[in-house]
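Asker: With the hints as your guide, set chains U, P and W onto chain G.
Number of protein chains: 4
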Amino acid sequence: MATGSFFKRIIGDFVRPSRAAGRPGRKAREAMALCESLISERGEVSGTSLAREVLSECQQLPDAAWAPFFDLLATGFSPAPEEVRGAAEAWLGAATAENLARLQEAVESPRQELFRRLNMAPGGTAALIAMRQRVLAGIRTNAHWKSVDADLAHLLGSWFNRGFLTLQRIDWRTPAIVLEKLIAHEAVHQIRGWDDLRRRLESDRRCFAFFHPVLPDEPLIFIEVALTKGMSATVRPLLDPAAQVDDPGRADTATFYSITNCQEGLRGISFGNLLIKQVAEEIGRQLPRVQRYATLSPIPGFRAWLAEARPRIERLPDGAALLALLGRLDASGWHRDAKDSDALRSLLLSLCSRYLVETGSDGEPADAVARFHLRNGARIERLNWLADDSDQGIQRSAGLMVNYVYDLEQVEKNHEAYVKDGQVAASHELRALYRACPLSRSAAKV
Amino acid sequence: MATGSFFKRIIGDFVRPSRAAGRPGRKAREAMALCESLISERGEVSGTSLAREVLSECQQLPDAAWAPFFDLLATGFSPAPEEVRGAAEAWLGAATAENLARLQEAVESPRQELFRRLNMAPGGTAALIAMRQRVLAGIRTNAHWKSVDADLAHLLGSWFNRGFLTLQRIDWRTPAIVLEKLIAHEAVHQIRGWDDLRRRLESDRRCFAFFHPVLPDEPLIFIEVALTKGMSATVRPLLDPAAQVDDPGRADTATFYSITNCQEGLRGISFGNLLIKQVAEEIGRQLPRVQRYATLSPIPGFRAWLAEARPRIERLPDGAALLALLGRLDASGWHRDAKDSDALRSLLLSLCSRYLVETGSDGEPADAVARFHLRNGARIERLNWLADDSDQGIQRSAGLMVNYVYDLEQVEKNHEAYVKDGQVAASHELRALYRACPLSRSAAKV
Amino acid sequence: MATGSFFKRIIGDFVRPSRAAGRPGRKAREAMALCESLISERGEVSGTSLAREVLSECQQLPDAAWAPFFDLLATGFSPAPEEVRGAAEAWLGAATAENLARLQEAVESPRQELFRRLNMAPGGTAALIAMRQRVLAGIRTNAHWKSVDADLAHLLGSWFNRGFLTLQRIDWRTPAIVLEKLIAHEAVHQIRGWDDLRRRLESDRRCFAFFHPVLPDEPLIFIEVALTKGMSATVRPLLDPAAQVDDPGRADTATFYSITNCQEGLRGISFGNLLIKQVAEEIGRQLPRVQRYATLSPIPGFRAWLAEARPRIERLPDGAALLALLGRLDASGWHRDAKDSDALRSLLLSLCSRYLVETGSDGEPADAVARFHLRNGARIERLNWLADDSDQGIQRSAGLMVNYVYDLEQVEKNHEAYVKDGQVAASHELRALYRACPLSRSAAKV
Amino acid sequence: MATGSFFKRIIGDFVRPSRAAGRPGRKAREAMALCESLISERGEVSGTSLAREVLSECQQLPDAAWAPFFDLLATGFSPAPEEVRGAAEAWLGAATAENLARLQEAVESPRQELFRRLNMAPGGTAALIAMRQRVLAGIRTNAHWKSVDADLAHLLGSWFNRGFLTLQRIDWRTPAIVLEKLIAHEAVHQIRGWDDLRRRLESDRRCFAFFHPVLPDEPLIFIEVALTKGMSATVRPLLDPAAQVDDPGRADTATFYSITNCQEGLRGISFGNLLIKQVAEEIGRQLPRVQRYATLSPIPGFRAWLAEARPRIERLPDGAALLALLGRLDASGWHRDAKDSDALRSLLLSLCSRYLVETGSDGEPADAVARFHLRNGARIERLNWLADDSDQGIQRSAGLMVNYVYDLEQVEKNHEAYVKDGQVAASHELRALYRACPLSRSAAKV
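Protein chains in written order, with the working numbering: chain G, 642 to 1087; chain U, 642 to 1087; chain P, 642 to 1087; chain W, 642 to 1087.
Pulled out of the complex, with its shape left as it was, chain G reads as follows (with noise of 0.2 Å):
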């Protein structure tokens, strides 16, 4: 890293002159001058205290003056471009280790090492966590904040290594302030308050989530389990708050129906997976009956995706018969009509089958979900029907939903065939389906 002349260059020629203008502007530029303090001689013995000074100045920036400091971060706390230009060149001249050393500290941008000395002060994590989360929020309109965006993702994959981070259960022993931020972020089925939330942690369930030791109060994702006699096949049963509590010892299946990431600012740092499978292992420990985990997920592209098949199902032979079929689906409440549903069963299961199974020109299904689990190595298993109800789960998925299968023995190979051959693990049945699709009548490829 080299701090020694990014000073002259805080002021960089891009910063939008409209921001850097009037208070919001001035108090950016409070903030940053702090923030050099912070990285030069005196941040170094200062111990924490310029710390607290920096985070407590920044945490009092009003909304408007985010924009103009992240300006300032991203030009100004980067690498010196003569000092990049002299590492590479030497090392282009003669590939020596102590040439790429320096090459490697020319390259490091400033501003690590001043996010680094943030995250001493008490509340720098969280501090940092937050910032992210706004460069986030705004970096489609401000290209410019890549680096910003680069830097703090850099370190805070490095601090929120899995080593860092313990496995810990939810239950009704938990404190307040953490379960109220189970209500909070549950994205894939809302919890709606705290009856809800205590049936979900009822005897027959299990919730895990992974804290970091300075984060005690945030979980930073969290997973949902019922323990099941086979495999669920549709959500109700599991969210329905009066649901009678089963004995948990007499389970055999963990059905995994709700993955929930709760911090905004760690986007794209992953534990899912990770999560995923120590549950699996944990509950495999505690509960030696439970053989098999299960998904139970939403298939949130199916529509979009059937919408964007139509010209496809159009050329097929019965191509107008099917579209007929299918133009059902437009009329409120068919699933309730059950002439209409069985109708439609056979055609939108196996052209799901398809939209899940066949891979695009990245190697991948379209389904954002199904990339998730294939990637883990999981295996589709089983299509559901009606399994979602609700307005959302018509709307998306006509209702479907579908049970990917952790196999820990074959998580490892399935993922290495997905990846380096884009094979996608399907059960018998689905393989089946997918062969049944009218799509598939040509070629088809699983």
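Any given hint could turn out to be false.
Said to hold, decoys possible - With a Cα cut of at most 20 Å, we get these calculated DMTMM-like pairs of lysine to aspartate or glutamate:
(1) U:Lys822 with W:Asp887
(2) P:Lys822 with G:Glu677
(3) P:Lys787 with W:Glu739
(4) W:Lys822 with U:Glu843
(5) W:Lys822 with U:Asp812
(6) U:Lys1054 with G:Glu694
(7) G:Lys1061 with G:Glu999
(8) U:Lys1061 with G:Glu677
(9) W:Lys1054 with P:Glu694
(10) P:Lys1061 with W:Glu694
(11) W:Lys668 with W:Glu694
(12) P:Lys822 with G:Asp812
(13) W:Lys870 with W:Glu859
(14) G:Lys787 with U:Glu739
(15) G:Lys668 with G:Asp704
Said to hold, decoys possible - A few chain P residues facing chain G, derived, Cβ under 7 Å:
(16) Ala1007
(17) Ala1009
(18) Val1010
(19) Phe1013
Keep in mind that the hints were calculated from the coordinates and are not lab data. Even for Gly, the Cβ is constructed at its ideal location relative to N, Cα and C.
Answerer: Then chains U, P and W, alone, in the frame of chain G:
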């Protein structure tokens, strides 16, 4: 990070052939093959299981296998030269943010990703610290390990950021597994067993340590403090296991008499500065009557400096007489002979003040302990005659010890003056001694 | 304790025949047989296994079996009359220490030993508390259960000695399993769900509870405190979930607005007195600016007393006018009619002061809450007009509430004067109101 | 409890005048006056402040003041004779439940209420335990303290009910303040410092203790266990600090080699029985391969019994020869002389089996340790020759030790047979030895 092509580079051409041969070499290569696997695709999905396996393999390496292992690590997991070259040339062609990001990625060692993945296994952090300890132990004769050390130091420095450490008081309620590490590591004033330790943890003493949450049984650094009336002038009463326990409520001074790093594998990752200041704040909160924070420190290099200063002394007008006086130090037990010691006293005090205060060409005094405290912003306060009459104390510093004072209001100012202008903070008393020093008659600079 | 001969006495002659019959009776007798076994030799050596068995049996008793079970317990486990007789006669013959010891042993119920052994099982203490709750619920109609209650109360009183309780702060970090008990038990000012509770645990509030180590999820009693500027005069702002959170550092008064016992089975084992004083001390330590500890208390019996006082009022010279004025209370919503309430105000305040201060034949005022606080050494400080305009508040006390002040320097003195001489501690303001009361014109006694 | 009139009785007529005189006597009376105050009205309302004061006063009593203090306690806080008389006569007149309750109340010592109130102060429980320790130390020469002891024992027995104790594993993570108490108290096999202790806490050992929540730093009783293959036959390998650490996973036996009470003030309040059984259960849960729970126990009274048995042996036909053989025990070091020890072996084993198995007029064997384990339901399993060759071992039991086996299925049965019928549970091997004993030739009774 670029992992794509490093496999081919594993067996580089400067790995000592002798090392790579035989059983240790084979063991090293086997471990290395697992390491490669860990940073490949497979490592990404295996959760922590592969990391555990690699760790276990490493921990079973025979002693002789570590050198070839580090050789392989130094060669094989370096950035790919062709990618560095491409990225460097691109950046030199156009110094855009994108090209900088590409260059940053190209120069990062795959080793860092390897270490991050190793860290995911239980015990991973401890293993990496131990690994660095081995690297440091052999680095003198294996200069090419520097890159391995640099990568470990970079990661450990980031992970052991102050923000992640907890300050804990050590007392008689602390688990034995922690206390025995104090006994093992105390380097300044050896702890002679559990009774000695217990005395150092009585109510008129304080002991604090930094811990990392992932290593709850391992103090990283600890400091021993005596609560006293006035600054301690001699060390013996502080170390006497049979000394009477005083009322801590009546103390006005906290005398820091020992600070010890416990983790050789964290060498160079500095906590000492932060520990002293935070302990001072903590004591100030608990015991508002304590007004002064001072060390009672050794002067390890004084006699060696004195030997080197002989020619300079000889050149003084009364040089011969002074050397004759200093010659008395050669007689064993001189310090127990009142006449001798009185005669030497003022001469040694003044010479020692010069030793501590005089800065060399690097702008700092020669004494390592002095440099540490002056960098931290402390002030040299008082020299203490016959403060440490142990054999070692007589040998190294003619029995002298020194108090450094931490005035929390002044430390930043002192530090800046020291670092920027080479100004050494010293009390009036010290300055007077310095001026009285025969060597200072020509030019004084304090 | 004499266990030798109680077996013969199990089926005493006054067990209601109807109860001992049928299935519940059989269940009760089976449980009782296990109880006998538990206090026999076998119980002594079985460790806790037999105690677990008995407990499990008891916990499965059908509701109808409890009455016969208590009947058997009341009869069967009483001291053996012949032994009491022998010991009593011996002591009357010679009042020696030995004979006293023999008498003490003879009169102790075997029930106590039974309960002590039951307590050894996991969950035993909770089960005994629950058992006493059942006893108390039926004791009115089963006077012969008094001995069972007395033995349970004696043991629980000893076990829940203040020395074994811990005072714990309740806040939003408290486990949900504890918090839900606050919601369930709060009797004074109902907690309407989790949002209401959260407001009561914000930084300008304090909530403390006593816990016993063996029941970590069960608050025994809790107290709710608002940190305020000045003594609170109305309860509504304290209970408003949307009220702004004030800075606790600026408060000068701790207003205790609710104190609630959670364990019906510990009725009569008093903690309230101790809790108020210890919480006052605790708050004083944490917030030195808080100088006053006051309650904001209901006056539950005022309107009932007022109704009874009608004849006395009628007899006054202006009795008819006064009664006419009081008649306005019968109109619903009188308190929202400014004219009405103003007219009533001084009359009600003075009558209420009389209600609180006037002692009856038992040397205490009629109001139960007043008696509690006066016994604890508090002082009646201030009456608050329209302090509780809830339906219940209007109904019971015409909307009046009262502040009792705990002056820790005075509580012992106040208590003694109250208990020994029936002196009620009251502020000048209260005394003035009392003297102004129409009923006091004849004879005042404060 | 009747507190009304005890004040008058404080200075009873049998307090030794000499004790009540002088400074210690005055101190004792002052403390006693505070005690009276504590159980008066004032004590009821003072919260814990008065209890603290009394406790502090008691803890500052000079040694010489305790005897007069206990004298006063024994006299002054006894039940009021007139009330006991009235209640006794009433009950004799009519043995109603009310009269029984009155009698129970009348005979309870005010001392118990005093102790309960003292217990409310912080440190109260510990102080009462220490007080009982003093009472027990002087009770032989002060028989009138028995009532004080009885009241303390009654309360402590109730408070230290198993239901309130926690079983905790002791290992090297345990706080030093607890570990040093093990070193201090271990009575069976002295712990020679911290290194010795550490070996006893390694992974092939287990150590457990009971704790009461109010005394977290004070183990009440602890047990040391070695995990072994087969029952240990000699104690030396178990005590060797340098012994190799074995794999606990391969052990089939838990050998309990030491059980130690730490609190003299809790004498007679038995935990040992419960501790052994609970530790056996705990080990069984953690290490399912462990199938046998056995002690390796001393036989403290064997040699003394042997000396007393001389006349009986002499009367046997070959009595003279036997005595001559036994005479070899008088030679120092006989056990290191192979010839001697071989000759003695079978004789001593058979005599010792008789010593352990033979019951006296009280229906129990003479050996105190045997009585303890037999009462607990253990079985005498095996005698071990030269199992303890320490001086003490040779002195007390001619080097013999014995294994008692706890078969959890059998302990209740064994216990009942032992307590009711005086039947001693012994292995076939023991019975064979017993039958072979020269003293058994006439009549065997096992």
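Asker: Determine which of the earlier numbered hints do not hold for this structure and return their numbers in increasing order.
Answerer: 1, 2, 10, 13, 16, 17, 18, 19
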